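**Student:** Chains as they are written, first to last, in the UniProt record's numbering: chain B, 1 to 646; chain C, 1 to 164; chain U, 1 to 316.
These are calculated hints, taken from the structure and not from any lab test. Any given hint could be a false lead.
Each computed BS3-like pair below joins lysine-lysine, with the alpha-carbon atoms no more than 30 Å apart [unchecked claim]: (1) B:Lys314 to B:Lys251; (2) B:Lys526 to C:Lys89; (3) U:Lys96 to C:Lys156; (4) U:Lys261 to U:Lys247; (5) C:Lys156 to B:Lys64; (6) B:Lys37 to U:Lys96; (7) U:Lys261 to B:Lys55; (8) B:Lys139 to C:Lys147; (9) C:Lys89 to B:Lys119; (10) C:Lys126 to B:Lys91; (11) C:Lys147 to B:Lys55; (12) B:Lys367 to U:Lys96; (13) B:Lys91 to C:Lys30; (14) U:Lys247 to C:Lys30; (15) B:Lys202 to B:Lys191.
Since we're looking at a predicted model, the values are computed, not measured.
Chain by chain, the residues run as shown.
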Amino acid sequence: MNISSVYLKSFITRSCGQRISACLFTTDVKENIEIPKRIHRGPTDILRALESTVKRDYTAAHYKYHDDPYLIPMSNLGKRTFAMAQEAGRKAAYWVRQENADLFQHQEADPMIKSFAPKIMYNESSEVTIQDLNEVIEKSYVFDAVTIYKLLKSKNVDVPAVAMQQLLELLCFYNHEEPLLEDFIEERWFKQSFKGKERQRKTWKDGDLAEEIFISFDNPNEEAYSAIIQGMAKYGQVDRSWQLFEEALSKNLLLSVDAYNSIIGVANFLKEAYDLRWTFVLDMLSMMAQAKVKPNLRTLNNVLKTLSTMGTSKIVKENALKTLAEFRAMNIEPSLASWYYILITFCKERGPVSPILKNIMNELEGKDLQIKDEKDTFFFVTAMDICHHHLHDLELANRVNNLLNLHNNYDLIGDSYKESIYYRHYITLLCKTETLEEFMQNTYLKLVPHIYVPEPSVMLEILKCVEANDAVEYIPRLWSDVIIFDHVNRENLINLVLNILVSSENAESATLAERFSTIAWDIWNKIENQNENKINKISFTGEMLGKIMTLLLKNDDFEKACIVMDKLQNDQTTVLGVSSFEALELFVNHCVKEKLPSKAISCIQYAVDSGFEDAANLAVTLNTSLTLDETHLSKLSVIVGPDVFK
Amino acid sequence: MFHIRNAIQMLGTRVPQNQRLIHTTSIYQKSQSGRYRITPKRDFPLTYEMANAPHYIMQRKSWNSWNTSNVLGGPRPSETAVEDMFIRKFVTGTWHSLFVSEIIIKRQHNLIRIAGIIRQAISARKMYFLIGYTEELLSFWLQCPVKLELQTVADKRDVIFKYI
Amino acid sequence: MSAITRLRGKTLNTIKNSTALISNRSFSEETEFRVLNLRTVKSQAPVRRKINKPDVLPPRSNQMPVDQDWGSVWPGQRTFHPATVPLPVRQGYTEKNAPPPSKFGNAELMKIPNFLHLTPPVIKKQCEALKQFCTPWPKGLETDEKCNKHFEIEVASSNYCYSSPSIRDPLARIVTLQIKLSSLPLDDHARDKFRRIVGDRYNEENDIVTIVADRCPLRQQNYDYAMYLLTAVFHESLRFEEWEKTKSEIDMEFYDWNVSKSKSSIESIFGKPAEEIVKADVYSKAVGALMNEGENEYTLAKYGESVREMLQLPAL
């Protein structure tokens, strides 16, 4: 930066002049010098150590967002669009670089940083070698690998068997689809993982290059078999994968442990009945034992996964525990995915309540967790779901949450979708079990909105809680959140807020009445000034308007109340239902106070039109408290009938 | 030079030999860049940066580029200057009429941080797109990580220091 | 002439414009009386679509609790942002006693490098976190003297951190090696020879030999080269070559009166060995001083005095 930050580091090392002095010197007293060993550290260890001193700042948004009031996202939609927009910008830059690759060939940085340079493109006319093939396979560029392979074939270049095998593995792993670039974190984060559902249907590309390569082997070896079996099993081509599996066994080939794992993983597609499925899994395991293939964590997870699809019977649970114990005995520690399968096996929606999560938490508490299986990310969201719906246990939920926030365990939350479901369960549970004050102070004000934005359903839950406790002091904050989170188009939320405000018993103090009236007027404005083109517009109901009017009148905002009254009267066709009689009564009273009989009369007109039987009483009150002139009197008598005043 | 010599020669022919005359003009080196003229209506807006002439740099205002290229023995002085110019042109063009301050470029090691004040004239979503695009493309070009550090203001009048 | 034609051209243009206007209008308002309008009428500015500005949040510094952990809010170096820094700072020069511009929309504050990420508590915390990588100071090397005693050779090289995409700097290759001459086991001859070989790399004031190696492109190579030089010089100075016997007076590193021409001259003048000459020791010292320390008022005066004394001449 400036002169002061031109760091000129001098390293001064002292070395013992042994080479020279040892032969000539006779050191009189050999002093004992102990130089401690250098503590080994990786290239990023210092940064990690410094990072460990930084905690989450609850007033700030995630650091991927720009820290500026205008650019901080406040709703779930904002979080998503902003992050994705930024990534779209990055993608545009990638595109520009790729389109003008010849301009980006300069070398500014020294040493060269490869990821700043454009990707090498291959087409029909490029000159390729085996080395290029190896390189793109290394970087897992699936399309490039296919292009280069085809080019090599067309030029009759012999591709060595190792490269062929690697290419086959690449194609089987990605199913001929280009994986998303590693740089696009946000897309991955916001992409809802339908992995579970995708599995159901077959996506394997039949007869594509992978199979061609496999066929082109004269006598496919066990590695080739393993690769294609895994690929087919992964992408739903279950029958053929099983067929190849049997073929390989009949040839006495030693398949890899992963091939066995994938076959176990698709057991529920191969065998329909639960008992057959289990015997199939057992058969597989004994086959592995015979072939002296050592099972690993994936074997455990796939066995548990199969068990989790086998209903609620007691034997299933026993088997699951037995499996766990047996793998333990083989020194295979379960990962989070194993616990996830255990949870969904034990805690079925219609099954009996099982406290197994407590035992799992005893096991996991305080651990620094690492990802070992793809499904590891499902654990936390499922555990919180079980805390909420299955066990309804606040203490356990807090333990799960503490584990999540320990060390780097938050990395295992998965994606944005899982994260928000996790918090939906957590917040709802807290809101239901804790006292409202504790909840608001310790949780709501901390987590909302930067870590979690409550969905309308959660907001409703919180508002219900507020209603039950008559804790109107939180309403201003909650209402502003409702606006910020863009939930204003939810009619049930608005109704609930109005209900709470109207029925509140604490509302007598002047300051609160004023704030309530502001909120009421805010609601009025939000609904009245909706965008013309909006799709889900919400419309007033008479009840809503009555409540708004009541709140306004409580704060003596007579003019605004008049506007609301006009709306009630004039738009009877669009406004559904009628206002409550109490609201009308209040309005008439205020008319009396303001000495505006004409307004009162029109209100009485509305009351009569709406079919309130007590409307006549209103007319009487008006008549007694104000001295009405002839025209007003005649109008009144037309409305309520002449015999009322007698 | 020529003029002076001609003048002397011409004079030499007319005046007696014992006189020497030399004709000089006043120096024409008025500094004008970075200075603004007062308008008749006194309604020309100036930011703080514009209100202080270049000779106030380091006294009332500071530099817009911060790097080590111009310290004694610093590397790549010319390249840095050209790159800074490129960044400024690129950013003003990409963020069309959004920047209401100068573009401040600070370099630390191989990190380039671009700071500035922008108007809230386009939606935040579009701004994020531009942020992503600018950061990524500039880092491809300059082969350094580039970071934007922006501040938004509601109106361009928010950065006006005075009117002249 | 030309000016007039230009003017006419201009009016013609205007007329053309206005007729076009008239004809346009005549389409819509046929019944109205047509007005010849020579000046083009400014069309009304189109009504601008009102842009709904989204609500902007208040600065988040408002929500910050007073006892927050500032290190988490501002963890790294960053440009100043008014909504994040809860301090009422101002910067800028104003005339006429006006207050300096506030922090909002102030580009000056964004320019200057700030140290908000390095507050004393943060530095303390970071030091604590980095302690795990530190080893204790070696035992037995508590003082500088001990360091110097046990590690005679000092090797220095520099790393340069500039703000540029390259981490290379040609100056980083230079290696400087320093050693105290007295720490080497040398006798008189070897010391003399060593000093002759290293030349002006030896500093007489602090007895330190400095070898700077910069001829190789890499630091490691330069280091090896410097070590090689030291070794070579050391061993060379220990060796006694045949030709060193031919060392004559002018080759001497200092003036030694005992083997000098001056001694033989006074011996021939007095006709007896120098030891027997009265006051010859004073004279020899004076000549030695004159030759070794150089001519100055004091040595010259001393020299004169001693000559007079030796020749038994009266003092001035």
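**Student:** Would you mind marking each hint as holding or not holding in the structure?
**Tutor:** Against the structure, the hints:
At roughly 39 Å between alpha-carbon atoms, Lys314 (chain B) and Lys251 (chain B) are farther apart than 30 Å, so this suggested pair is violated. For the given pair, Lys526 (chain B) sits about 42 Å from Lys89 (chain C) by alpha-carbon distance, which is inconsistent with the 30 Å threshold. Distance hint between Lys96 (chain U) and Lys156 (chain C) is fulfilled; the C-alpha atoms sit about 24 Å from each other, no more than 30 Å. For the hint pairing Lys261 (chain U) with Lys247 (chain U), the CA-to-CA distance comes to about 15 Å; that is within 30 Å, so the pair holds.
Of the supplied pair hints, the one linking Lys156 (chain C) and Lys64 (chain B) holds, its CA atoms being roughly 27 Å apart against a limit of 30 Å. A C-alpha spacing of about 65 Å is found between Lys37 (chain B) and Lys96 (chain U), which places the hinted pair above 30 Å, so the restraint is violated. Between the alpha carbons of Lys261 (chain U) and Lys55 (chain B) the distance comes to roughly 85 Å, so the proposed pair goes past 30 Å and is violated. For the suggested pair Lys139 (chain B) and Lys147 (chain C), the alpha carbons sit about 27 Å apart, so the restraint of at most 30 Å is met.
Among the hinted pairs, Lys89 (chain C) with Lys119 (chain B) is consistent with the structure: their alpha-carbon atoms are about 26 Å apart, no more than 30 Å. Distance restraint check for Lys126 (chain C) and Lys91 (chain B): the Cα-Cα separation of roughly 14 Å lies within the 30 Å cut-off, and the hinted pair is therefore satisfied. As the CA atoms of Lys147 (chain C) and Lys55 (chain B) are separated by approximately 22 Å, the hinted pair is consistent with the 30 Å bound. Among the hinted pairs, Lys367 (chain B) with Lys96 (chain U) is inconsistent with the structure: their alpha-carbon atoms are about 64 Å apart, more than 30 Å.
Pair hint Lys91 (chain B) plus Lys30 (chain C) does not hold up; C-alpha atoms about 49 Å apart against a cutoff of 30 Å. Note on Lys247 (chain U) and Lys30 (chain C): the hinted pairing is violated, with a Cα-Cα distance of about 72 Å set against a maximum of 30 Å. Of the supplied pair hints, the one linking Lys202 (chain B) and Lys191 (chain B) holds, its CA atoms being roughly 21 Å apart against a limit of 30 Å.
Hints 1, 2, 6, 7, 12, 13, 14, counting from the list given before, are not met by this structure.
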